[in-house]
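K.L.:
As a plain string of letters, each chain reads:
There are 2 protein chains.
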Amino acid sequence: MAKVHVTDVVLRDGHQSLIATRMRTDDMLPICSKLDAVGYWSLEAWGGATFDACVRYLREDPWERLKKLRKALPNSRLQMLLRGQNLLGYRHYSDDVVRAFVQKSADNGIDVFRIFDAMNDLRNLKVSIESVKAVGKHAEGTISYTTSPVHDIPYFVNLAKELESFGCDTIAIKDMASLLTPEITGELVKALREAVSLPIHLHAHATSGLASMSIQRAVDNGVAIVDGCISSFAEGASLPTTESIVAALKGTEYDTGLDIGLLQEISAYFREVRKKYWQFESEFTGVDTRVLVNQVPGGMISNLSNQLKEQGALDRMDAVLDEIPRVREDLGYPPLVTPTSQIVGTQAVLNVMTGARYKSVTNEVKNYLLGHYGKAPSTVNSDVRSLAVGNAEVIECRPADLLTAEMEKLRNEVEGLAKSEEDVLTYAMFPDLAKTFLQERNAGTLKPEPLLDKEAVTSSESHSRF
Amino acid sequence: MAKVHVTDVVLRDGHQSLIATRMRTDDMLPICSKLDAVGYWSLEAWGGATFDACVRYLREDPWERLKKLRKALPNSRLQMLLRGQNLLGYRHYSDDVVRAFVQKSADNGIDVFRIFDAMNDLRNLKVSIESVKAVGKHAEGTISYTTSPVHDIPYFVNLAKELESFGCDTIAIKDMASLLTPEITGELVKALREAVSLPIHLHAHATSGLASMSIQRAVDNGVAIVDGCISSFAEGASLPTTESIVAALKGTEYDTGLDIGLLQEISAYFREVRKKYWQFESEFTGVDTRVLVNQVPGGMISNLSNQLKEQGALDRMDAVLDEIPRVREDLGYPPLVTPTSQIVGTQAVLNVMTGARYKSVTNEVKNYLLGHYGKAPSTVNSDVRSLAVGNAEVIECRPADLLTAEMEKLRNEVEGLAKSEEDVLTYAMFPDLAKTFLQERNAGTLKPEPLLDKEAVTSSESHSRF
Ligand SMILES: [Co+2]
Ligand SMILES: [Co+2]
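From first to last, the protein sequence lines stand for chains X and S.
Okay, so the first sequence: first residue is 14 according to my numbering, each after it adds one.
Okay, so the second sequence: first residue is 14 according to my numbering, each after it adds one.
Check the hints yourself; a few may be wrong.
[What the hints assert, rightly or not] Taking lysine-lysine and the DSS-like style, the derived pairs with C-alpha atoms no more than 25 Å apart in a straight line are: (1) S:Lys263 / X:Lys289; (2) S:Lys467 / X:Lys289; (3) S:Lys81 / S:Lys289; (4) X:Lys288 / S:Lys467; (5) S:Lys84 / X:Lys288; (6) X:Lys467 / S:Lys467; (7) S:Lys81 / S:Lys460; (8) S:Lys448 / S:Lys289; (9) S:Lys322 / X:Lys288; (10) X:Lys289 / S:Lys322; (11) X:Lys263 / S:Lys203; (12) S:Lys263 / X:Lys203; (13) S:Lys460 / X:Lys322; (14) X:Lys322 / S:Lys289; (15) S:Lys288 / X:Lys467; (16) S:Lys467 / X:Lys322; (17) X:Lys467 / S:Lys289; (18) S:Lys322 / X:Lys467; (19) X:Lys288 / S:Lys288.
[Claimed, not checked] Cβ-Cβ distance ranges computed for the label pairs, FRET-style: (20) X:Asp272 / S:Tyr103: 36 to 44 Å; (21) X:Thr375 / S:Asp272: 34 to 42 Å; (22) X:Gly52 / S:Ser295: 25 to 33 Å; (23) X:Lys460 / S:Glu266: 58 to 66 Å; (24) S:Glu266 / X:Ala332: 51 to 59 Å; (25) X:Leu464 / S:Gly264: 56 to 64 Å.
Hints were generated in silico from the structure; no laboratory data involved.
Don't be surprised by glycine CBs; every beta carbon is placed ideally from N, CA and C.
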């Protein structure tokens with residue numbers, strides 16, 4: 014009865030967090046029969062950055078990946094991560110594109126849609142949730158967790174209630190930045206359980222080293238499903254270790270029932286796979302608690318550090334880390350997740366590098382201040398808004414309300430190249446990339462970016478020692 | 014009142030677990046003023062394998078290290094790990110050597126002595142505990158945690174009661190193999206708290222990914238002190254992350270009171286230090302739950318794998334992993350820790366490689382079966398004993414009762430080389446090593462083993478790519 018269920022994210026978030034989303038379908042398929050036998054509640058296997066990485070780097074058709082995984086995992090729920098009205102792209106789409114994307118994802122094998130919005134603006138979630146329900150699949154409404162003066166437990170409880178009213182089947186707490194402490198997790202899960210009747214699903218990244226403790230408190234307070242990752246792709250920027258969660262709960266009233274021996278076989282497989290992608294590993298894969306002090310997620314820090322390095326200004330890193338919370342406050346405390354993490358981070362770099370705050374303002378910040386991403390969680394700094402966009406009118410409606418149906422237009426634009434509705438949707442996500450991608454795919458000339466051979470490096474390494 | 018105290022192990026167990034005990038004193042001293050300001054309950058900084066590594070690889074005088082650390086950490090309790098009657102060597106010493114070693118350790122700066130025995134044979138702990146109390150220092154009696162049909166909670170409670178009766182000031186639970194689950198930890202701490210009035214100190218390695226959850230349950234049940242390691246030397250085979258423990262308890266009734274900002278400065282320092290020692294890193298530093306299934310600690314697996322590799326028999330690894338629990342059972346279920354882990358592991362390899370169990374028996378196993386390491390936790394297999402040592406008499410007394418005072422003899426043996434009582438003790442620990450070491454030290458010709466330069470490797474690496 015009290016059994017805790019487990020979602021494993023190795024096929025999506027695990028490699029997205031640790032090796033820049035580079036795992037190829039060919040490295041997933043050989044282990045699928047074992048994954049399929051585990052008895053997970055679901056396998057997160059698609060969406061997030063995988064669609065982009067497939068098209069951009071791996072030169073794989075993401076829809077083909079989904080079909081292959083569906084076939085190889087006949088007994089498992091396949092789960093995807095969907096950015097609400099942004100789908101898997103980087104802008105808001107019209108509702109007909111959202112409906113078509115959900116339809117095709119379901120047709121090709123997705124069972125569970127985890128749907129979030131960077132602003133927690135429920136208007137950006139509503140159409141995708143309704144589309145999922147319309148095709149008879151599982152809609153998981155998601156709370157993007159963050160901390161700020163407005164992000165308290167009643168705020169999140171209210172979100173959950175609204176998501177329930179939209180027809181969601183489960184509620185996910187998404188702690189992408191690894192900010193949740195065990196104590197807050199316990200309180201939050203308890204409050205959500207009291208307020209809604211839906212099962213609660215916890216997704217807490219391990220970066221700050223708190224996630225397994227938070228899971229424990231979540232379980233104590235009645236969480237239904239927890240996310241983990243098989244050990245060889247777990248911890249650090251990824252999720253806590255599935256095997257450890259299973260072992261921790263074994264023999265208790267919350268026993269997951271999963272076979273730890275089978276999980277170890279799967280882990281051994283992925284440990285070998287991970288070696289192939291060594292070039293994408295970060296230098297340090299341990300615990301990093303800096304986010305708890307400066308609120309800047311680990312992934313954002315490494316992006317910023319690359320950005321500053323290119324400008325020869327790595328010495329300004331501390332100034333940028335100090336500026337980020339100020340920019341976030343100016344923008345009304347958005348959670349820092351795609352795309353708001355990039356919006357806030359890039360503006361903070363500009364503010365530091367130009368030496369005058371908001372002297373130069375990115376288009377993304379302008380659009381944000383005009384309401385094009387949705388409603389900010391708290392009040393936006395009106396001085397900053399004046400500086401950035403003057404008296405331009407701020408939209409109050411749902412951003413997608415300004416968009417007219419666009420599937421027909423997209424179909425026309427990519428006519429001749431697209432062989433299916435799926436191809437049209439690929440084009441919708443990444444227009445420039447997709448044209449070349451579809452051309453090459455049709456011509457049979459797709460080639461993945463090459464992987465560096467560590468053997469070669471190692472042999473030259475030992476050579477240099479003597 | 015309920016405040017939880019923290020011991021940080023970065024100066025001892027952290028680098029022992031992750032970079033083969035290679036951290037040099039020069040890399041410790043620059044950060045000591047910050048470490049000293051944290052307000053830890055203690056800093057584990059000496060003993061364990063550090064003494065050996067100083068003499069063997071770093072070519073540093075371990076007593077000089079201790080003096081320097083003492084001076085650099087004037088406000089901190091310095092803690093050492095002591096293997097009972099084995100001290101820091103690999104045999105049993107006579108009581109006068111034990112007393113002298115404890116005296117000199119105290120004189121040079123140790124405040125807290127964590128004392129354990131691989132067999133949990135209390136007779137092997139008594140003299141060192143009494144010596145610590147005689148010099149007015151803190152004696153921490155230690156339970157070497159393991160699992161077996163005889164190692165249940167009443168067994169450990171009984172050990173703790175005896176340790177209390179010996180005059181110990183605290184009781185440590187030492188989970189070197191990372192076997193503790195959160196549930197058992199909670200039960201064990203609760204039972205110990207009910208049975209003894211001493212504060213309980215938890216040392217649980219992170220290998221299996223359970224330690225931070227176990228700490229949480231320990232705290233729930235009244236543990237007084239927990240061991241962590243600063244993040245840049247934490248997790249994997251090391252201890253769980255200090256900053257995460259501090260963050261998890263912050264604002265709760267168990268708040269450690271430590272400043273996470275200061276801890277992050279310390280972590281940033283050690284992150285750079287760790288890079289210097291890259292050649293000693295293991296390939297995989299993540300969570301490994303195999304110990305929960307086969308009871309073989311992670312460190313033992315890597316040693317065995319090296320042993321088998323040298324014999325060109327890496328394909329026998331699974332057979333060896335299956336044989337280890339059988340050998341352990343034959344020997345009456347000793348916990349697997351120095352030196353029993355080596356004793357059991359080497360015999361298991363022999364049993365597999367010779368193709369006939371106990372056809373060849375190591376001297377260590379013979380001595381073990383003759384009682385020279387102390388009393389086995391459970392009954393020894395009498396067939397195995399007959400095979401190994403025939404009808405030879407098994408000693409029933411404390412092994413060290415068979416030893417006569419030896420300090421005088423040691424002094425004579427190393428006369429001319431030893432400049433102090435400390436030097437005599439160094440010689441007592443590692444007679445062969447120490448002679449050369451003292452000679453070279455006296456001549457001023459000590460040279461540490463060289464560190465490989467990663468820069469050189471990296472430049473040749475990028476060269477090989479093009
Ligand atoms: Co995630
Ligand atoms: Co240890």
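K.L.:
Each of the hints needs a verdict: does it hold here or not?
P.N.:
Verification of the supplied hints:
With a C-alpha separation of about 40 Å, the suggested pair Lys263 (chain S) and Lys289 (chain X) falls outside the 25 Å cut-off, and the hint is violated. Using a Cα cut-off of 25 Å, the hinted pair Lys467 (chain S) and Lys289 (chain X) holds, with the two alpha carbons roughly 21 Å apart. Only pairs whose Cα atoms come within 25 Å are accepted, and Lys81 (chain S) paired with Lys289 (chain S) is accepted, the gap being roughly 21 Å. Straight-line distance between C-alpha atoms of Lys288 (chain X) and Lys467 (chain S) comes to about 19 Å, which keeps the hinted pair within the 25 Å bound.
Under the criterion of a C-alpha separation no larger than 25 Å, the hint pairing Lys84 (chain S) with Lys288 (chain X) is inconsistent with the structure, at around 44 Å. Of the pairs offered as hints, the one joining Lys467 (chain X) and Lys467 (chain S) holds, with about 15 Å between alpha carbons and a cut-off of 25 Å not exceeded. Pair hint Lys81 (chain S) plus Lys460 (chain S) holds up; C-alpha atoms about 19 Å apart against a cutoff of 25 Å. Restraint check: the Cα-Cα separation between Lys448 (chain S) and Lys289 (chain S) comes to about 29 Å, which exceeds 25 Å; the hinted pair is violated.
For the hint pairing Lys322 (chain S) with Lys288 (chain X), the CA-to-CA distance comes to about 20 Å; that is within 25 Å, so the pair holds. For the hint linking Lys289 (chain X) to Lys322 (chain S), the alpha-carbon distance of about 23 Å falls within 25 Å, and the restraint holds. Annotation: proposed proximity of Lys263 (chain X) to Lys203 (chain S) holds, straight-line Cα distance about 20 Å (limit 25 Å). A hinted pair counts as satisfied when its Cα atoms are at most 25 Å apart, and Lys263 (chain S) with Lys203 (chain X) qualifies at roughly 20 Å.
Restraint check for Lys460 (chain S) and Lys322 (chain X): not satisfied, since their Cα atoms lie roughly 38 Å apart, outside the 25 Å limit. For a cut-off of 25 Å, the pair hint linking Lys322 (chain X) to Lys289 (chain S) stands: about 23 Å separates their Cα positions. As the CA atoms of Lys288 (chain S) and Lys467 (chain X) are separated by approximately 19 Å, the hinted pair is consistent with the 25 Å bound. Under the criterion of a C-alpha separation no larger than 25 Å, the hint pairing Lys467 (chain S) with Lys322 (chain X) is consistent with the structure, at around 21 Å.
Distance restraint check for Lys467 (chain X) and Lys289 (chain S): the Cα-Cα separation of roughly 21 Å lies within the 25 Å cut-off, and the hinted pair is therefore satisfied. A hinted pair counts as satisfied when its Cα atoms are at most 25 Å apart, and Lys322 (chain S) with Lys467 (chain X) qualifies at roughly 21 Å. A distance of roughly 20 Å separates the Cα atoms of Lys288 (chain X) and Lys288 (chain S); the hinted pair therefore holds under the 25 Å criterion. Between Asp272 (chain X) and Tyr103 (chain S) the C-beta distance comes to about 40 Å, which sits within the given range of 36 to 44 Å.
Range check, Thr375 (chain X) to Asp272 (chain S): Cβ separation about 36 Å, and the 34 to 42 Å hint holds. Take Gly52 (chain X) and Ser295 (chain S): their Cβ atoms lie about 31 Å apart, and the range 25 to 33 Å holds. Checked against the hint of 58 to 66 Å, the C-beta distance between Lys460 (chain X) and Glu266 (chain S) comes to roughly 59 Å, which is consistent with it. For the pair Glu266 (chain S) and Ala332 (chain X), the supplied restraint of 51 to 59 Å is violated, since their beta-carbon distance comes to about 38 Å.
Roughly 46 Å separates the CB atoms of Leu464 (chain X) and Gly264 (chain S), a value that falls outside the hinted 56 to 64 Å.
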